[in-house]
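2 protein chains.
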Amino acid sequence: MGNVEGMSTETVPPTAAEDLPSTAPAATPQQDTDAEVEERSGYRRPAIDVPALTALLDGKYAEVRNLVRTNLAEYAGILTDAEEMTRDEFRERVKDVVVEMASTGQTGMGFPEEYGGGGDIGASVAAFETLAYGDLSVLVKVGVQFGLFGGAILQLGSKEHHDAYLADLITGKLMGCFAMTESGHGSNVQALGTVATYDVATQEFVVTTTREDARKDYIGNAAKHAEIAVVFAQLEVAGKSEGVHAFVVPIRDRDGGTLPGVRIEDDGLKMGLNGVDNGRIWFDGVRIPRTALLNRFADVTPSGVYESEIENPNRRFFTMLGTLVQGRVCVGGGGINAAKVAIAIAVKYALKRRQFEATSEDEEELLLDYGLHQRRLLPLLADTYALHFAQEVVAGQLHDVTSGIETSEHAKRELESRAAGTKALGTWHATRTIQECREACGGAGYLAENRFAALKADTDVFTTFEGDNHVLLQLVAKGLLTDYASDFEDLDQLGTVRFVTNLAVETVIEKTAVHKLLERVKDLLPGGDQWDQEAGLLDSDYQLAMLRFREEHMLSGVARRLKRGIDQKMNPGEVFSRVQDHVIAAARAHVERLVLEAFVAKVEALPDGENKIALRLLCDLHALGVIESDRAWFMEHGRLSVARSKAISREIGSLCRKVRPLADDLVDAFAVPPEMLRSPSLLG
Amino acid sequence: MGNVEGMSTETVPPTAAEDLPSTAPAATPQQDTDAEVEERSGYRRPAIDVPALTALLDGKYAEVRNLVRTNLAEYAGILTDAEEMTRDEFRERVKDVVVEMASTGQTGMGFPEEYGGGGDIGASVAAFETLAYGDLSVLVKVGVQFGLFGGAILQLGSKEHHDAYLADLITGKLMGCFAMTESGHGSNVQALGTVATYDVATQEFVVTTTREDARKDYIGNAAKHAEIAVVFAQLEVAGKSEGVHAFVVPIRDRDGGTLPGVRIEDDGLKMGLNGVDNGRIWFDGVRIPRTALLNRFADVTPSGVYESEIENPNRRFFTMLGTLVQGRVCVGGGGINAAKVAIAIAVKYALKRRQFEATSEDEEELLLDYGLHQRRLLPLLADTYALHFAQEVVAGQLHDVTSGIETSEHAKRELESRAAGTKALGTWHATRTIQECREACGGAGYLAENRFAALKADTDVFTTFEGDNHVLLQLVAKGLLTDYASDFEDLDQLGTVRFVTNLAVETVIEKTAVHKLLERVKDLLPGGDQWDQEAGLLDSDYQLAMLRFREEHMLSGVARRLKRGIDQKMNPGEVFSRVQDHVIAAARAHVERLVLEAFVAKVEALPDGENKIALRLLCDLHALGVIESDRAWFMEHGRLSVARSKAISREIGSLCRKVRPLADDLVDAFAVPPEMLRSPSLLG
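The listed protein sequences correspond, in order, to chains A and B.
Under our numbering, the first residue of the first sequence carries the number 29, and numbering increases by one thereafter.
Under our numbering, the first residue of the second sequence carries the number 29, and numbering increases by one thereafter.
All the given hints hold, so there is nothing to weed out.
Heads up, simulated BS3-like pairs for lysine-lysine below, C-alpha to C-alpha not over 30 angstroms straight-line:
id: 1; chain 1: A; residue 1: K597; chain 2: B; residue 2: K686
id: 2; chain 1: A; residue 1: K201; chain 2: A; residue 2: K187
id: 3; chain 1: A; residue 1: K686; chain 2: B; residue 2: K597
id: 4; chain 1: A; residue 1: K640; chain 2: A; residue 2: K88
id: 5; chain 1: A; residue 1: K597; chain 2: B; residue 2: K380
id: 6; chain 1: A; residue 1: K380; chain 2: B; residue 2: K597
I should point out that these hints are in silico values taken from the structure, not numbers from a laboratory.
Can you build the whole structure from these sequences, using the hints too?
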């Protein structure tokens with residue numbers, strides 16, 4: 029094989045003597061051809077053991093994932109139902125499928141065994157993730173019923189509530205909804221306008237929608253199926269507001285009729301997920317018994333005394349919001365698995381469809397043999413693997429914290445941050461990957477039968493629900509800046525600015541978790557030009573050092589900028605506004621480092637073999653892709669020379685060519701049931 | 029107003045002494061506060077004259093655009109029809125609206141007056157673009173009927189065909205389709221598998237689908253409404269293949285029944301545009317008269333002799349494909365105008381919705397007062413203006429070429445290239461903008477009533493139809509590399525590689541159109557550090573010089589890499605595959621330069637005044653955004669220092685803050701009818 033890049037520059041005319049653009053890696057005289065490099069390095073194409081790779085991806089929950097795969101194939105008709113049924117019919121169909129799947133135990137794995145659950149949070153996350161291979165209305169309906177509604181009863185309620193509701197909600201006999209968001213308040217839950225006032229005379233709470241934009245909105249299961257709502261409202265006891273609490277409020281009778289004082293409106297057609305009945309709810313003086321307060325963390329005595337073991341009201345609030353963590357872990361995993369479906373279809377199509385004569389005049393070229401097509405799809409495939417393994421880590425942490433295996437406050441906070449960050453990157457990855465894959469499948473990708481229509485429309489809101497991605501990254505940054513200080517969760521934006529600026533900047537920097545990691549970084553990236561020759565681009569220590577350096581630098585930069593703004597007597601809100609994109613960038617840098625660490629650790633732990641070689645290629649492709657996409661930053665901060673920046677782009681091209689012959693096996697290893705790939709006019 | 033960025037770095041601890049990340053512009057000691065800079069430069073907030081700005085945007089076709097706005101408001105119910113009707117009902121509704129709009133003259137402006145048209149191509153493009161404010165099934169149905177079908181009859185047919193069809197198709201009485209694409213061949217039209225064989229005995233053509241993947245596919249109007257298809261097929265005369273030609277083939281009788289030998293299948297549900305009836309067509313020995321050949325450029329005599337004034341078969345083919353140019357101009361404009369709807373909604377929502385306390389403890393902050401939100405939306409607004417003016421240029425060129433005002437071959441080729449490039453950038457811009465705007469509107473953005481669902485689903489295929497964007501950018505690059513040589517259109521990828529490599533590289537570079545522009549570039553970007561201090565970031569000569577330099581450098585790099593690959597005896601297809609991302613990058617750089625030139629020229633031509641000040645801010649924001657997004661490349665090629673790269677990011681932040689108070693007026697100037705903004709739960 030010749031190499032267009034590996035030639036001398038001596039014949040280049042004077043007007044074009046510079047190196048070639050990095051988007052188009054060029055030659056340096058000392059560069060060898062790929063073939064030479066491969067021969068010298070002993071590189072040869074690995075033969076992937078697909079079942080073994082699937083087993084690695086499935087991890088400890090292979091059995092659970094296979095149960096879900098079987099169920100998905102069993103109910104494959106739901107994909108066409110989504111297209112052919114009316115909205116009402118499809119909502120009923122989705123509900124039925126959810127209830128039938130519940131009977132297999134698939135959806136109740138996270139609940140205590142005494143109520144019919146599986147008693148294993150990790151298994152419940154694995155089941156949910158795998159469900160994302162199929163129709164996503166089913167996925168989201170499961171999330172609403174068992175994750176949000178069921179999770180709130182389980183985690184915010186006490187035994188009394190568990191006894192009353194869990195057994196029936198696990199089977200789907202009792203459907204409920206999670207009524208947190210209001211039209212006027214999504215991310216800022218603390219400012220909700222729904223109020224629950226304790227009436228000591230009747231020992232009841234009176235739930236009221238106090239203004240129009242305080243109506244509950246976008247609530248899944250509300251428009252049609254929920255009998256019960258877990259309602260988040262400002263608790264008022266004896267004229268004092270105690271902050272947001274959760275209450276069990278019946279909203280429908282068994283016949284589906286709306287109860288007195290409750291008004292429900294359908295949110296109507298949505299971009300996607302039309303098998304889920306989202307709606308709006310207004311409460312007009314709805315009375316519920318005192319015991320309807322989900323009282324695990326706070327209670328009101330019959331005589332009207334508010335009691336809680338958590339004294340700080342903000343802390344109490346954020347403890348209750350902890351119920352959202354599992355939802356975030358699940359949504360992130362759902363997004364990543366939806367991306368797998370898209371990339372599997374696009375790769376398989378690119379291995380079937382030919383277009384234009386290129387290397388031969390007799391036959392058109394396979395799409396995946398075009399360099400650009402490789403560049404479009406294969407880094408996304410590598411990122412999908414990386415995020416899969418990062419997701420495995422956060423799901424494991426969730427399991428440990430929720431199951432009481434890990435009990436430290438710090439671990440809980442780190443979990444919240446990691447769940448937020450993985451959710452943000454995983455769902456953005458889904459949006460981007462599905463879009464690129466649709467375009468890479470041309471006009472056929474636009475037909476509903478080929479899956480992208482549903483994947484794109486259904487996953488679109490993943491970047492918003494269970495926490496807007498930008499708000500979640502701010503949460504990540506706040507945790508980093510305060511080193512998950514005991515009160516970090518209470519801090520709103522003003523509070524964060526004040527907190528940070530009350531510390532010496534050095535303290536902030538020393539407190540950052542990443543700071544400890546920097547010793548190795550200094551060895552690997554000593555600055556100047558020296559390191560430039562030393563570390564190999566395919567050395568994962570080098571790749572990690574780059575991401576660690578960036579994270580630490582961005583984070584300390586944020587701290588300094590916040591502090592300086594305050595020193596200059598600026599309004600803290602304005603300081604925050606101006607530093608905000610820096611805050612988001614720092615959080616993203618942090619999460620990208622965690623993702624790479626997860627992938628590297630997974631690869632290193634593997635026994636030597638073909639699969640390890642293949643995954644190492646993918647891991648390198650992922651790592652260099654992350655560095656390349658922010659190479660301007662690295663150059664601006666003296667950690668990447670022009671020559672090395674171009675070398676990275678060249679290496680990515682070379683890695684794509686090496687991954688190309690492995691691509692089919694790599695997507696097969698996801699083990700997406702063929703019925704879920706569907707795509708008759710792409711793959712048929 | 030204080031400035032968080034303008035402080036000394038003396039107090040910075042040693043571990044963090046570098047400049048701050050560019051994503052978060054930092055201080056340099058000499059930097060003044062915005063307020064000081066603004067005072068010294070005489071900057072003050074301009075007061076936009078919205079009607080005057082609308083008049084500027086509408087240009088010479090204000091009257092036409094207002095007619096369309098009136099029609100859109102008249103038929104505003106179509107937006108809800110799209111949600112509430114069944115697919116069959118909605119298809120009929122869309123057809124009816126198209127026919128009713130036709131009766132206003134809106135859709136026939138590009139046809140000769142003698143057949144009832146308006147005789148003004150430019151007006152027809154303006155009408156089409158404006159129609160993109162409304163339901164996009166209507167837009168696309170109009171495009172299929174009047175642009176593709178009608179355009180083929182007009183441009184490929186002779187008077188006989190005009191007399192037979194134009195009057196009826198202009199009124200919509202005769203519906204037709206444009207049957208070019210096949211399941212197995214989209215971009216590579218030259219390889220179509222449908223064959224039309226001349227039977228001298230009966231003086232008929234026999235049209236046949238020769239293999240399964242040669243069925244016509246994704247054909248708009250085919251599934252339901254077309255009586256007639258313009259079918260692109262390989263013409264065979266006397267045993268010899270003469271290449272692809274277009275034929276008029278009746279496919280349905282007046283009652284809608286499929287004619288003998290024709291089989292039609294519905295493409296079924298699509299991601300969007302479900303008011304358009306796309307379908308598949310198979311032909312089994314369908315006989316059509318000899319006169320059914322659209323014979324403007326080639327004909328077959330009764331006795332079976334093939335005749336054409338264009339000798340080169342490839343040239344002939346590409347001349348016929350010229351009918352696609354108008355479609356590309358229209359789709360690009362449609363995408364840009366759909367993006368206007370999205371950005372108008374997102375900006376207006378961000379000026380209404382508050383979230384989190386930031387600068388005040390009493391009131392939550394408007395979304396658009398957050399730095400990040402400004403950074404997300406305002407550069408997209410600036411890009412939308414830039415693309416609008418670039419679209420105006422290409423639409424003007426189309427008018428001049430099609431109306432015979434401009435007749436040179438070179439102008440035609442440049443038009444083809446510019447139409448391809450503007451279509452690619454305009455439609456990608458639509459995809460990106462609609463996505464960002466949806467996310468910026470949170471969960472409410474997911475509800476169908478708030479427009480993004482339809483905008484996103486309907487525009488998605490714009491990046492694919494009328495030419496896949498990547499393939500179109502390759503066309504642009506080919507034109508640049510060959511300086512629109514007389515035979516450049518014939519060149520497939522192999523041919524292009526050979527063509528380029530047969531020239532001396534210097535010749536290629538000298539031939540590039542951009543090369544002539546480089547003298548000014550050398551003055552402005554002399555290299556080294558000197559220029560770094562000299563040119564102001566807000567100097568449009570500097571901005572243009574940067575884009576011209578990049579374009580020329582990328583283009584000559586492509587030429588060199590192609591040539592070197594051949595010199596090294598690589599397979600030309602493999603050379604092309606490896607250089608392909610570089611080819612695409614060069615083409616994109618070219619089009620971005622054209623877009624900026626169009627915006628700069630428009631602003632410079634304006635009389636001094638408030639609107640000019642406002643547009644200059646937007647133009648700077650656009651220009652620096654383009655440079656920033658490729659700043660790694662400029663650093664890698666010695667045309668941007670680290671300090672200046674960071675200064676650009678800072679300047680963008682500052683420009684966003686200046687554009688922020690103008691944003692409402694800037695989106696109002698698009699004059700999107702309020703009925704088309706809709707969005708009751710965002711703006712109501």
